[in-house]
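**Q** Please model the complete structure; the sequences and the hints are all you need to start from.
Protein chains in written order, with full-length UniProt numbering: chain A, 1 to 267; chain B, 1 to 332.
Any given hint might turn out to be false.
Label pairs and their in silico Cβ distance ranges [as the list claims (entries may be wrong)]:
#	chain 1	residue 1	chain 2	residue 2	range
1	A	V247	B	V16	53 to 59 angstroms
2	A	V179	B	A127	46 to 52 angstroms
3	B	T177	A	V247	56 to 62 angstroms
4	B	K20	A	E229	35 to 41 angstroms
5	B	K83	A	S136	45 to 51 angstroms
None of these hints come from the bench; they were simulated from the model.
Treat the numbers as computed from the prediction; the structure is a model and nothing was measured.
For each residue, glycine too, the CB sits at the ideal point set by N, CA and C.
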Amino acid sequence: MSIPYVFADAAVVAKRNLIKIKRVPDLLVFTTLQPIMFVLLFSFVFGGAIGGGNGQSYREFLMAGIFAQTVIFGATITGAGLADDVKKGIIDRFRSLPMAPSAVLAGRTISDVINNVLVLIVMSLTGLLVGWRIRSSVLEAIGGFALLLGFAYAISWIMAWIGMLVPSPEVVNNAAFIVIFPLTFVANTFVPLNTLPSVLQTFAAWNPVSTVTQAARELFGNIPPNAPEPEQWSLQNPALYTSIWIVIILAIFIPVANAQFRKSASR
Amino acid sequence: MTSTTGTPAVSARGLVKRYKDVTALDGVDLTVPTGSVLGLLGPNGAGKTTIVRILSTLLLPDGGTAQVAGTDVLTNPREVRRKIGLSGQYAAVDEYLTGFENLDMIGRLYHLGRARSRERARELLAAFRLEDAGDRSSKTYSGGMRRRLDLAGALVADPPVLFLDEPTTGLDPRGRTDMWEVIQGLVAGGTTLLLTTQYLEEADLLADEIVVIDHGRIIAQGTSDQLKTQVGGERLELTVKDPARLTEAVTLLEPRGVGPAVVDQGRRQLVMPVSGGAAVLTDALRALDGVGIGLDDVGLRRPTLDDVFLSLTGRATADETETADTKEGVHA
Chain A
1 MSIPYVFADA AVVAKRNLIK IKRVPDLLVF TTLQPIMFVL LFSFVFGGAI GGGNGQSYRE
61 FLMAGIFAQT VIFGATITGA GLADDVKKGI IDRFRSLPMA PSAVLAGRTI SDVINNVLVL
121 IVMSLTGLLV GWRIRSSVLE AIGGFALLLG FAYAISWIMA WIGMLVPSPE VVNNAAFIVI
181 FPLTFVANTF VPLNTLPSVL QTFAAWNPVS TVTQAARELF GNIPPNAPEP EQWSLQNPAL
241 YTSIWIVIIL AIFIPVANAQ FRKSASR
Chain B
1 MTSTTGTPAV SARGLVKRYK DVTALDGVDL TVPTGSVLGL LGPNGAGKTT IVRILSTLLL
61 PDGGTAQVAG TDVLTNPREV RRKIGLSGQY AAVDEYLTGF ENLDMIGRLY HLGRARSRER
121 ARELLAAFRL EDAGDRSSKT YSGGMRRRLD LAGALVADPP VLFLDEPTTG LDPRGRTDMW
181 EVIQGLVAGG TTLLLTTQYL EEADLLADEI VVIDHGRIIA QGTSDQLKTQ VGGERLELTV
241 KDPARLTEAV TLLEPRGVGP AVVDQGRRQL VMPVSGGAAV LTDALRALDG VGIGLDDVGL
301 RRPTLDDVFL SLTGRATADE TETADTKEGV HA
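**A** Encoded structure:
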């Protein structure tokens with residue numbers, strides 16, 4: 001199978017997944033209303049309480065955290081979507097066609113990253129409406145968004161592996177929630193790290209969810225002026241540290257997920 | 001109708017598939033001559049779907065070899081995929097896409113190109129009477145429409161070999177008749193077809209040759225007529241009025257038959273192979289009348305594939321509900 005087919009076929013699969021977002025109410029809500037709700041809830045409910053009275057500054061601090069959490073959860077639809085496709089026989093349909101086999105997972109992860117682009121656009125517009133501002137250059141801001149998307153893309157591949165391993169959308173969703181929910185909270189997503197107990201602080205500092213948030217926050221120019229300089233290397237070099245995670249996850253999970261995809265042919 | 005020259009379109013030798021302690025396939029040999037229709041007949045769980053999944057490259061067997069359209073399934077699955085169309089319960093259409101989008105997507109993945117894929121999708125929608133529904137999401141389709149779309153999906157690349165796994169299971173009688181017509185049209189066009197079914201009359205109607213499978217083994221093989229001959233001549237079938245006297249009727253009639261009677265208490269029914277035609281029937285009626293056993297229904301009939309299965313395995317074709325279903329179909 002020649003290489004161009006992989007891209008052409010992945011594009012066909014991705015297009016199919018994107019059409020599905022339009023048609024499935026759950027997915028559409030997940031992509032549009034939920035991000036709006038998160039931005040509004042977190043900024044207005046938490047914004048006043050945690051910000052020490054300075055709601056505006058906390059709201060800016062918060063936004064990168066909400067972005068990070070939401071795109072990571074957005075990446076979980078890779079797993080649930082694939083498990084659903086296995087269950088409904090769509091994967092078998094693909095497998096019976098002379099397409100490039102690797103295009104199935106590639107198409108899936110690509111469409112999920114496009115979905116996350118939409119999610120980020122919706123959240124950014126909502127954020128701008130409630131007073132969030134990017135206080136850096138356009139280039140830096142793009143870098144911030146790219147890092148968020150890159151990290152979510154890596155998570156998508158972990159989810160692709162799980163989706164092929166556990167062909168039940170409900171199980172995949174619950175498993176993902178149990179792991180990802182704490183990961184996105186034991187981090188600097190919603191609160192400054194120095195407010196955490198010390199054991200959690202160390203964990204949170206090296207948690208890539210913290211570093212992708214920290215990196216986005218820096219690249220958006222949303223670090224509060226009085227914030228203490230972080231002590232850990234990971235938070236001092238958040239973009240580099242996050243990129244290392246992205247590369248490692250992709251290097252492991254692209255082959256592993258594709259192997260699992262081929263392996264399920266012998267079931 | 002059947003051309004048996006040249007390489008067979010499908011040929012499998014010694015297929016074995018095991019799942020932990022269950023042996024799903026236990027050494028199956030199959031040959032489908034090019035241009036012919038093979039009906040794979042058996043109850044739920046007999047191994048029909050496993051065979052189709054192996055031949056269509058979806059599943060690796062634990063033993064055996066298979067060639068489809070002259071290509072080895074195990075060593076060259078991608079080439080096989082180019083030459084087959086598959087339609088069944090598991091290789092589904094996408095319910096969220098429209099009929100057109102489904103077919104267009106499949107065309108693109110067969111690498112027909114954008115223009116040809118679209119054109120082919122419209123052609124097939126027209127051919128399968130789905131033109132009006134082509135731009136609605138297939139979720140809104142009736143069962144019969146969805147099956148037709150599914151079948152259309154298998155035909156996008158005009159494959160020389162077609163696998164249809166239980167194409168009419170779950171359809172109402174009207175939908176089933178429709179589907180049969182569509183399949184007969186395809187076969188008339190020269191497509192080689194391997195069809196699985198639980199419906200005996202379906203295999204009878206559509207297949208040139210029938211393979212009866214049970215517990216992962218082939219238990220009989222031949223044309224519909226050959227299978228019927230194998231189980232002997234006519235059947236005497238009767239329903240008694242009073243279920244309490246069914247056993248008595250069996251005792252009375254069995255000496256008049258040429259094989260054991262099959263009794264269905266729930267239906268108050270007795271079926272028994274006989275030879276001698278109307279004379280046997282008259283004799284049986286006289287005997288029953290002599291002891292005052294009343295009848296609701298009685299008749300002589302040619303053996304059906306149901307009888308074939310029953311005499312080969314000692315049980316009915318499928319579980320209770322399916323059996324009732326099938327028998328009604330046979331009587332109708």
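**Q** Find the hints from earlier in the document that the structure breaks and name them by number, from lowest to highest.
**A** Numbers 1, 4 and 5, in rising order.
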